[in-house]
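First to last, the sequence lines map onto chains A and B.
Residue 64 is where the first sequence starts when you use the numbering used here, and the numbers rise one by one after that.
Residue 64 is where the second sequence starts when you use the numbering used here, and the numbers rise one by one after that.
It should be emphasised that the hints constitute simulated quantities derived from the structure, not laboratory data.
Possibly wrong hints are sitting among the right ones.
[Said to hold, decoys possible] Here are the simulated DSSO-like pairs of lysine-lysine, each with C-alpha atoms no more than 30 Å apart in a straight line: (1) K402(A) - K116(B); (2) K163(A) - K176(A); (3) K242(B) - K241(A); (4) K210(B) - K203(A); (5) K210(A) - K116(B); (6) K203(A) - K203(B); (7) K176(B) - K242(B); (8) K270(B) - K398(B); (9) K176(B) - K205(B); (10) K270(A) - K241(B).
[What the hints assert, rightly or not] Computed, partial: chain A to chain B, Cβ under 10 Å: (11) L286; (12) T339; (13) F350; (14) R384.
Note that the Cβ used here is the ideal one computed from N, Cα and C, for glycine as well.
There are 2 protein chains.
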Amino acid sequence: MENIINVEKLTDETILIDIAKSLSDYEDGQIFKLCTALTDEKLSMILEQADEKSQIRIIEFLTNEKILKVFSYMQKDDIVDILGMLPTGKRKAIINLMKKGDRTIIEQLLGYKEDCAGGIMTTEYIAIRNTLDVNGALEKIKEISPKTEVLDTIFVTDDKKKLVGTVDLRDILIDDGKKKIEEITNKNFVYAEPETDQEEVALLATKYDLTVIPVVNKHMVMLGIITIDDIMDVMIEEQTEDVLRMGGVDKEETIDSTPLESLKMRFPWLFINLITAFLASMTVKQFEGTIAQVVALSATMSIVTGMGGNAGTQTVSIIIRNIAMGNVKLKDASKLIWKELLLGVANGAAVGLITGIVVFLIYKNFYLGLIIFLAMIGNLVVAGVTGLVIPLILDKLHIDPALSSSIFLTTATDTLGFFIFLSLANLFLPYLV
Amino acid sequence: MENIINVEKLTDETILIDIAKSLSDYEDGQIFKLCTALTDEKLSMILEQADEKSQIRIIEFLTNEKILKVFSYMQKDDIVDILGMLPTGKRKAIINLMKKGDRTIIEQLLGYKEDCAGGIMTTEYIAIRNTLDVNGALEKIKEISPKTEVLDTIFVTDDKKKLVGTVDLRDILIDDGKKKIEEITNKNFVYAEPETDQEEVALLATKYDLTVIPVVNKHMVMLGIITIDDIMDVMIEEQTEDVLRMGGVDKEETIDSTPLESLKMRFPWLFINLITAFLASMTVKQFEGTIAQVVALSATMSIVTGMGGNAGTQTVSIIIRNIAMGNVKLKDASKLIWKELLLGVANGAAVGLITGIVVFLIYKNFYLGLIIFLAMIGNLVVAGVTGLVIPLILDKLHIDPALSSSIFLTTATDTLGFFIFLSLANLFLPYLV
């Protein structure tokens, strides 16, 4: 914290980012000091790199006029992100202070959904006409370059402002200056539309090793670009979302959430799981008569359901990950189901055999061992099939499979697991008592 | 598949990447046709973008001399990745055919571990002397640029080849050519050492919005660079690893793994879980006398353990994700444990109250409702505390918390859940029968 004492000496971007990333540890007085002591440009860097909560805290210390000055050093997409978090009144007041050109762009960007290409694109890019020669292009690039994030990919447009291709800055630099841009334009390029989901944009970028993706409208007119830093942010966001949702945690929960915030976010998930648990419990209740006669069933039945849950989670994880990478769809299910059936039988037989032998040795009852062996195969087949089908169906229904697969899976493996095991026990009851 | 018929027309990188990404659907004959029909340069693009299995399939169709020609169009890090997969004999034969300079670099790169900075860096970058002026620098850049992936960040070295900073190509382009490079060098930069873990490199890149990170040795002499495409690959790899490991799946398993491969990779995890299940089962066995008297316990006890597992997984997910992002360490546990204790009590009381009431209504026994309420609080506290502490301890021990947290968590919530609930039942036994 001592490094904000000499705040006027902070010249380096790396140090500013370090400060920005640790703002959640700063008290209000320290944030205020930062806001007053830093130049607009440095403050803009801090603001850009801070997390959402800290961004709002900073904004609260600034007048609308000061905010506008700080914004003048920022990319449009970052400005829009911040404006999107502000109360409507404050947001409108700031936008009304902007120059007309900026206002139009900002209002347009604010119109796009946050998690699609339009919501993460910026409007600072280098576009040149295809009729220019290389020398003219280089002049234009020198002029625009201080205002853009991306330098090595230059976008080429025709006389109707339509995007016709890209040029690699390398090809411009090594040319003697006489060639027409048209001649060195790469006309086969990847682009997104404003409505393209951000996850899809990230997939495109990683698939084609792109550091920038242009966003165009239906008429191929260029609207903006999505830069690699935003793509990396999307990747981290989606990764966090997947891990948290698979664990039944709201994607908004952070390590800094207050206990009350965490409670509000975690309880609904537990409540849904509770319903599942009751379903399983009701299944067991139907067999209380059987259990009363063979109490050993109560100690062994949870092995069958537990292993079903574990095996099903393995399948779900593989499928969720491959859905996220765009490798698998519902239509592939029929191809994959044979493997899961086979795996269910094989893993079920292996796990069931071990369990059956141990149970036989403990309880000295062959039939108890046999029914646990059979029930394990049955439940691991249930686990494999539901673990495969559930995430694929959820994906087809446009529900994030990471979010709710486990609920449906557990319902199947717990309820059916108990049912299979206890039904078998009922069948073999004369041999068990 | 029809697009490989006119293979000589394939000029565009995008199409080549599409082919490279779908090679697993190609038959050997088609791969052979690709290998013979494509130019060395196009084949190098396919090879670079293909998955590991397809890379090996392609290599098998090529002579060592042809491989060398194809390699001449590739980055050193990609060459090393491929060489690393080949049998030692084949690898040595190819390396021996290389020019001495290349051979030295390749052998050095092969010496680094695959998942650290040295293993993912490449040696094609632009480095200029700090004593050059901007015009001289621009000449040098034009000369090297066709051979490098990264253009907008230029590395600056001193007379001892030590890295002293970076220059933004923008600053070179807009200058009139007279300034010394030293004057526009950014001297505060982020770097990695060859041993730096690749996950840490990706964290650095995302934190500081970098598209390239230099790798230096202990004397700050530049060894190579890590480019954004490799950083994105690392991010995807780590993400896949986290999701799969949390689900108890080996990171090597893909959707294309054969049933036998999957069986071999999934069974060990199920076996470890089986031991956990037996532990829980043995706990229940200790209370068989109690259960025999109150058979309702057998239907209700799994609600307590199940909810403990769910609540614990929520905490584990939050902690694992924050460990991965470098936000939390074991030393923070004491600060966070109060929140988890509080959450355990609050969620336990809420979930326990609902469960208690429902159980009371079904079984018409107040004390059964009461013990399930108390046991739920107890087990959700166990879940919160172990869910917090286990991944942090595993991280401290340099064990991936995504891999094994769930095993320890389930052991705690199942075994202690049964124990708490059934002990309470024992205590209140006179009121239950």
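Notebook entry, point to check: In ascending order, which of the hints set out earlier in this document are inconsistent with the structure?
Noted result: 5, 7, 9, 10 and 11
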